[in-house]
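S.K.: One letter stands for each residue in the lines below.
2 protein chains.
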Amino acid sequence: MHGKSFAHRSELKHAKRIVVKLGSAVVTRGDECGLALGRLASIVEQKRRNLNGTLHELLRMNIVPIVNTNDAVVPPAEPNSDLQGVISVKDNDSLAARLAVEMKTDLLIVLSDVEGLFDSPPGSDDAKLIDIFYPGDQQSVTFGTKSRVGMGGMEAKVKAALWALQGGTSVVIANGTHPKVSGHVITDIVEGKKVGTFFSEVKPAGPTVEQQGEMARSGGRLLATLEPEQRAEIIHHLADLLTDQRDEILLANKKDLEEAEGRLAAPLLKRLSLSTSKLNSLAIGLRQIAASSQDSVGRVLRRTRIAKDLELEQVTVPIGVLLVIFESRPDCLPQVAALAIASGNGLLLKGGKEASHSNRILHLLTQEALSIHGVKEAVQLVNTREEVEDLCRLDKMIDLIIPRGSSQLVRNIQKAAKGIPVMGHSEGICHMYVDSEASVDKVTRLVRDSKCEYPAACNALETLLIHRDLLRTPLFDQIIDMLRVEQVKIHAGPKFASYLTFSPSEVKSLRTEYGDLELCIEVVDSVQEAIDHIHKYGSSHTDVIVTENEKTAEFFLQHVDSACVFWNASTRFSDGYRFGLGAEVGISTSRIHARGPVGLEGLLTTKWLLRGQDHVVSDFSEHGSLKYLHESLPIPQRNTN
Amino acid sequence: MHGKSFAHRSELKHAKRIVVKLGSAVVTRGDECGLALGRLASIVEQKRRNLNGTLHELLRMNIVPIVNTNDAVVPPAEPNSDLQGVISVKDNDSLAARLAVEMKTDLLIVLSDVEGLFDSPPGSDDAKLIDIFYPGDQQSVTFGTKSRVGMGGMEAKVKAALWALQGGTSVVIANGTHPKVSGHVITDIVEGKKVGTFFSEVKPAGPTVEQQGEMARSGGRLLATLEPEQRAEIIHHLADLLTDQRDEILLANKKDLEEAEGRLAAPLLKRLSLSTSKLNSLAIGLRQIAASSQDSVGRVLRRTRIAKDLELEQVTVPIGVLLVIFESRPDCLPQVAALAIASGNGLLLKGGKEASHSNRILHLLTQEALSIHGVKEAVQLVNTREEVEDLCRLDKMIDLIIPRGSSQLVRNIQKAAKGIPVMGHSEGICHMYVDSEASVDKVTRLVRDSKCEYPAACNALETLLIHRDLLRTPLFDQIIDMLRVEQVKIHAGPKFASYLTFSPSEVKSLRTEYGDLELCIEVVDSVQEAIDHIHKYGSSHTDVIVTENEKTAEFFLQHVDSACVFWNASTRFSDGYRFGLGAEVGISTSRIHARGPVGLEGLLTTKWLLRGQDHVVSDFSEHGSLKYLHESLPIPQRNTN
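Order-wise, the sequence lines are chains A and B.
Under our numbering, residues 1 to 641 are what the first sequence spells out, in order.
Under our numbering, residues 1 to 641 are what the second sequence spells out, in order.
Hints were generated in silico from the structure; no laboratory data involved.
Since we're looking at a predicted model, the values are computed, not measured.
All copies of an identical chain are treated as equivalent in the list; a pair is satisfied when it fits inside any one copy or across any two copies.
Derived pair list, reagent style BS3-like, types lysine-lysine, alpha-carbon separation capped at 25 Å:
1) K203 x K376
2) K415 x K13
3) K353 x K376
4) K508 x K489
5) K396 x K418
6) K4 x K193
7) K308 x K551
8) K128 x K536
9) K104 x K203
10) K308 x K627
11) K16 x K4
12) K128 x K418
Isolated chain A (complex conformation) (with noise of 0.2 Å):
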């Protein structure tokens, strides 16, 4: 592996030898007055070996810590004679890059007190840390830093930088005395995460990530302002280009099925496979999104005359930049891409490893269609070696993250995404309460749709909730043997367990997802404690009540605080397809922005318009000439043919 440096920080940790180079700001604490013994330690502790074996361990698997002497404040080190291989240096920075060539080191990491590379001076407008560094680049950067160090000591790194690269040793130039970062700094590095700046010999062939991001801003915001007919054509071609191209597409595909088999589960294989079946539908599933695309951007919503000659408009505009991440299924792409220019966002894609050729292809298509109105840009695949945990934290570049995938994918995204919204939900716990005055006909027929029609959709019922006068009456048993014929494993709530002298399993939690054919049963005494029950275990997804009293079942409706409330309904209409919303973007359970199924005006937001002649606020103040006016004014009806 040695002479050629690593060309992306995924293949760091293939590092077999690792110099780790420790700047003073780093081994000496804040206040001049002695070793940062803590910070130090833990350091070392990275490779989990106590302070007195460090030294003889490391150089054993020759990775040499170098103590930087030539500018801290306690005294030199006495060569200790019993540790051959540790150095005491002055001149740190060329040494240490010597130092790893010579070892035929696969990986210098630099620490010190400064975050790594800036594109431009500190301060500035625009700096920001350079994540990879090619050699080639040098004339066109400042090297500026954000901290004490000068240019001076800056550019001395990057010049060792250089020359170990030349050697053939990768460098990560990164801060080691971040209090929050520096216990697992030289983890985060060799796993890959982006910390400091990475040199590079390699220049990948396509563009990074950052500037994928740049290019689905720009290209989204041209998207927008095509006409919606041209966004429709931009769709009906994508969707052409699937069924003509199906060969290429189906090839491409079953490379990725050849890499998988024997890696991937059964049913992960028939997710990650296309036919041409599943390509007419997805055709015909474009087409859909394509009508429904019409009236979507720059709709008026409300219009006011605030004064004569000063109107006010609110249209709907694009978000902006979302990234969708999904797993496994390679038909994901063009469905969201529709999606995207449908409502002229621009657009982030992350696909899985296992589906990398399908999604190429796709993607190359997707770009075809966009380039008839010229706004190819706007739909980016970001490359599989990017980390999603990366992603989730470019929050001046991405507007709305949209996880398609299991709720285990959500909820991680959900935890890294600090800072960008993230559309979705990560359970769906769906109640059912079947009151007193429930229909003894309807109660089975919903029951069954609810749970059994197909048990791993989110919207498939996990909880049902007895009214307790109901318990030993024909209904009840009814349920009992419907359930028992269907296969339903049940888990009975403490409530209903003390009611039953043979009890089934009692739950482990009420707030549990099943997505099987398992069902909790819980008793009730009333309505409101069904409704307790709901905001107590529930996730506001969707909770159902069935009865034939209107005032109870109004009651319900008013007051369970969910997404979906329904009445004498299955909890499997909650939907964006059965609510009559066409495309379906998602189902979000949050209570900021769209909430329940989620159409493509859950792509949308407004911006304000205001016309006027050369209005100014100090006219209208009390002793201007000028009053407000604020009337509402008619909304033009577009042309939707």
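Starting from the structure of chain A, add chain B where the hints point.
M.R.: Showing chain B alone in chain A's frame:
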């Protein structure tokens, strides 16, 4: 001070003598191979002493680390005769407590690998970490833990803690092994942060903030089920109370002013002070909010016939629980409370310490008004000792945070509020682009109003972009003359500076909100360059074009991607009242949920109500008996007298 334990975490910073007890899980490594030196050293360094001198210095200050040796896998440390007072113990918990009390210690910090005390068995549905534990509660909780330490270990800890507490020593039990926290856990505890479980003998009179959150949630739910007229009544009643109880309010406000005198600057004192006229105009504002509240909650936005007898309705509902954080100005309180009441939301209010007397009485009056419809608890005033940062972490309890105050406050809260959306804007960098076809008469008027009328406002002008062709024209001279008369300090953008022989000071950053009589001027070559500049340096708040060319204007309106985009109108129109939205909640630059000036609807979300007979989705399958109709139904007009 000794003899009485601390009542609140916020007092812990006054602790003079601290005993830190490190459990074996803290001092030994996860792999059970020796001492966790890194962790240990970083814990010790929180007191900023080097490892060698630490024990001596700690002893001198009566801070005694106790190394647990009864169950550790390392051999017991040899007694170090040089260090009198360092104790190696076997029965560690009770000994630590005894020692702490005997030494008249203020605070005993017990660090092990448990998070603290839980109120239910670990893993159960409701298990929550107990923030403050009172001796009287001992019977009612289960001493569950989430770690490998069994119940027995925890019971011993609690027993020891209660023993110490009786002796006048406060106790905190916390986790000292968490890699991201152990470096500053002691500092955090002493600073009053909510880490682990704090033992207190003094039960505060009021509820905990968690209990307040629950009260706001259930109170808000009740509020939402009232009739719109009832909510309006409450607000009217509050408006009456503000004038009726004027004397009491002003008396409380006088107390605040007296206590603040000499400690607050004049402008802050002014913001803090109330007056009869302020209360009167506040009451008028409240009545306006009451009026606009009539059509907020329960408004039907969409009705769809899904199938025969299956009708879907999308209705507006409150968001849930709002946390409003405001500084100085006590008049914020009734205003914000009225907005929450009008929109049926529960509310947690967090005011500044400096206004505590005023806030207390205003909150009492709010609750009095709420009582007329039995929803007193919907609005809660959080104790001033609660830290804003701690509140921003209560993501299970709060649905939306609204900061009301300086942009610094907004930025801090946006940073702290991981996981909870924040409504507002931290920056208002508004631009005005003067096109080559701008009218001479209009420009000066518009610039003056935008920049000079109220320069501290977020919608004031910060950057003037001038088309190159206008340089050295009468129009340009007229603008500069006006700015001189108005004493506006000009900062030149780099391009503008390059055109001038004698340039004013060049801008430090093109992304500056001056909030004062200062203005950046930059030159652009075209409307496109103006748009690019705005996208690069703006804050998406409000941006204006001045031109007589309608085509250019519409191009600008369509392409500028900001919340408010104006043509020939002052930036200062960007305001909820001026837009005719009724009550203003704030101005949002977010792209999710409300954007631009936000009225009451920004405090609302929607839910979906589906009313059926016994509808199941399987009837709509390919071979089913039913077909989806998806007919739009007319929306009933509500009676708004």
